[in-house]
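> Top line first, the protein sequences correspond to chains R and Y.
Position 29, counted from 1, in the first sequence is what numbering that gives the first Met the number 0 calls 28; the numbers after and before it change by one each time, with no gaps.
Position 55, counted from 1, in the second sequence is what numbering that gives the first Met the number 0 calls 54; the numbers after and before it change by one each time, with no gaps.
Honestly, the hints are just simulated from the structure, not real lab data.
Because the structure is a prediction, the values reported are computed rather than measured.
Here are some, though not all, of the chain R residues that point toward chain Y, as calculated from beta-carbon distances under 8 angstroms:
| # | residue |
| --- | --- |
| 1 | Glu33 |
| 2 | Arg115 |
| 3 | His118 |
| 4 | Asp167 |
| 5 | Ala170 |
| 6 | Leu180 |
Glycine included, each C-beta is placed from N, C-alpha and C at the ideal position.
Protein chains: 2
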Amino acid sequence: MSETTTDGRVQRGDRTRRVILGKAVDVASVEGLEGLSIGRLATELSMSKSGLIGAFGSKEQLQLATIRAARAIFVRTVVEPALLAPVGIDRLRALIDAWLAYSSDRRFPGGCFFARVGHEYAGRPGAVRDALAAVDQEWIGLIAATVAEAQQVGEIRADEDADLLAFDLVAYLDSANLRSLLTGGFDVYDHARRAVDARLAAAAPELRADPSPDGSPA
Amino acid sequence: MSETTTDGRVQRGDRTRRVILGKAVDVASVEGLEGLSIGRLATELSMSKSGLIGAFGSKEQLQLATIRAARAIFVRTVVEPALLAPVGIDRLRALIDAWLAYSSDRRFPGGCFFARVGHEYAGRPGAVRDALAAVDQEWIGLIAATVAEAQQVGEIRADEDADLLAFDLVAYLDSANLRSLLTGGFDVYDHARRAVDARLAAAAPELRADPSPDGSPA
DNA sequence: TAACAATACGAACGGTCGTACGTTTTGTTT
DNA sequence: AAACAAAACGTACGACCGTTCGTATTGTTA
Numbered sequence: 000m001s002e003t004t005t006d007g008r009v010q011r012g013d014r015t016r017r018v019i020l021g022k023a024v025d026v027a028s029v030e031g032l033e034g035l036s037i038g039r040l041a042t043e044l045s046m047s048k049s050g051l052i053g054a055f056g057s058k059e060q061l062q063l064a065t066i067r068a069a070r071a072i073f074v075r076t077v078v079e080p081a082l083l084a085p086v087g088i089d090r091l092r093a094l095i096d097a098w099l100a101y102s103s104d105r106r107f108p109g110g111c112f113f114a115r116v117g118h119e120y121a122g123r124p125g126a127v128r129d130a131l132a133a134v135d136q137e138w139i140g141l142i143a144a145t146v147a148e149a150q151q152v153g154e155i156r157a158d159e160d161a162d163l164l165a166f167d168l169v170a171y172l173d174s175a176n177l178r179s180l181l182t183g184g185f186d187v188y189d190h191a192r193r194a195v196d197a198r199l200a201a202a203a204p205e206l207r208a209d210p211s212p213d214g215s216p217a
Numbered sequence: 000m001s002e003t004t005t006d007g008r009v010q011r012g013d014r015t016r017r018v019i020l021g022k023a024v025d026v027a028s029v030e031g032l033e034g035l036s037i038g039r040l041a042t043e044l045s046m047s048k049s050g051l052i053g054a055f056g057s058k059e060q061l062q063l064a065t066i067r068a069a070r071a072i073f074v075r076t077v078v079e080p081a082l083l084a085p086v087g088i089d090r091l092r093a094l095i096d097a098w099l100a101y102s103s104d105r106r107f108p109g110g111c112f113f114a115r116v117g118h119e120y121a122g123r124p125g126a127v128r129d130a131l132a133a134v135d136q137e138w139i140g141l142i143a144a145t146v147a148e149a150q151q152v153g154e155i156r157a158d159e160d161a162d163l164l165a166f167d168l169v170a171y172l173d174s175a176n177l178r179s180l181l182t183g184g185f186d187v188y189d190h191a192r193r194a195v196d197a198r199l200a201a202a203a204p205e206l207r208a209d210p211s212p213d214g215s216p217a
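Working from the sequences, and respecting the hints, build out all of it.
Here you go:
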């Protein structure tokens, strides 16, 4: 049963959905998920409003699908390439570097998609907010887990709180993203890089072994 | 000329404008400056749409006035109380503490007004974006200037880059604001506090003076 | 070929948006 | 009291919003 039948009809529908979402993520990264209007999207894609909404059922479903599509792009652009780096501090830096490139290269025209729409729905309960909160938690959780891995291989001090360190790092990234968009300049990404470097240097294990419980240096 | 005549008519207009803006900042902190609709605002204030828009001329003027009103509230809530603290690290901490209270107490129902609408317009050139960028720069500049003052009184190491330190601190605050709204919890403010403490501890001058070029304390 | 299913369409719906115009009300100035 | 000025109103406008309905088109299955 369900022998991966490639029904040409649903196949066409899937393709349409992909095309729509490709445009939707770009629009939403600038105008937000509320400003993402059916009519405008339909016009830009040269299709009918009814055809477009018919592919998703309702605007909220379109919004949720847009979030999933943006997440997939984020994973492909930031996470997967960074996971090629070896476990430890290298992988952590790879994630951070990939994120900075993702933001400064304007993978989405409005900067980080999730920063834009996250703030849009942060104060409004509902399915959209929940979905965005989940993605945000995934991202911070990934950073924290990567920090923990680096601790296990001894590249980050064991007494560092992984969640705290993840909080700091993500904060630098988000701040750079916003300020770059606001000012139009890119210098602030260097601020973020220097902040990351300093924070990771502080979290690095002491090179000269500190005095053990008994028998200490002169 | 212009002997501070208190014209009852413009006085009434000013009062109306104040009432409108009082509601506008609250609405905009949740729905954004775009979602701030004339009709809804008029309904909530039991006045006519035409009367409301007539008080400002256009929606963009209303938006700009709303930003100025939010800035005034921010100055009164965060900046002015903190400026009572003595120059130096105390004043810096007072600013940070006041900001955390301003955010976690939900002085605006949607959290920090400027985080919400800053992201909304960060990617869209125009007068609104420029106004928001200016306020943001004011705030970061104030933090940086306060850091510089603390350096002059010897409470922060002179080799710290004031702009860099300000960037880090503001990043912690913004991150806590967003994540608190997204999750509905307030634990993340403790993360921010611990991040601030650690960052300021790292920026504090060494207690045991290192050997200075000539004649220094034993 | 006939019956069925999924997609996309055009047209229309009620509702809200920002704005403009003319009128009424309220306050100030001759 | 008369003339004027500012504020607030009611009404109406065209544009767009998300959604619904019936229909044509395209592909699959009997």
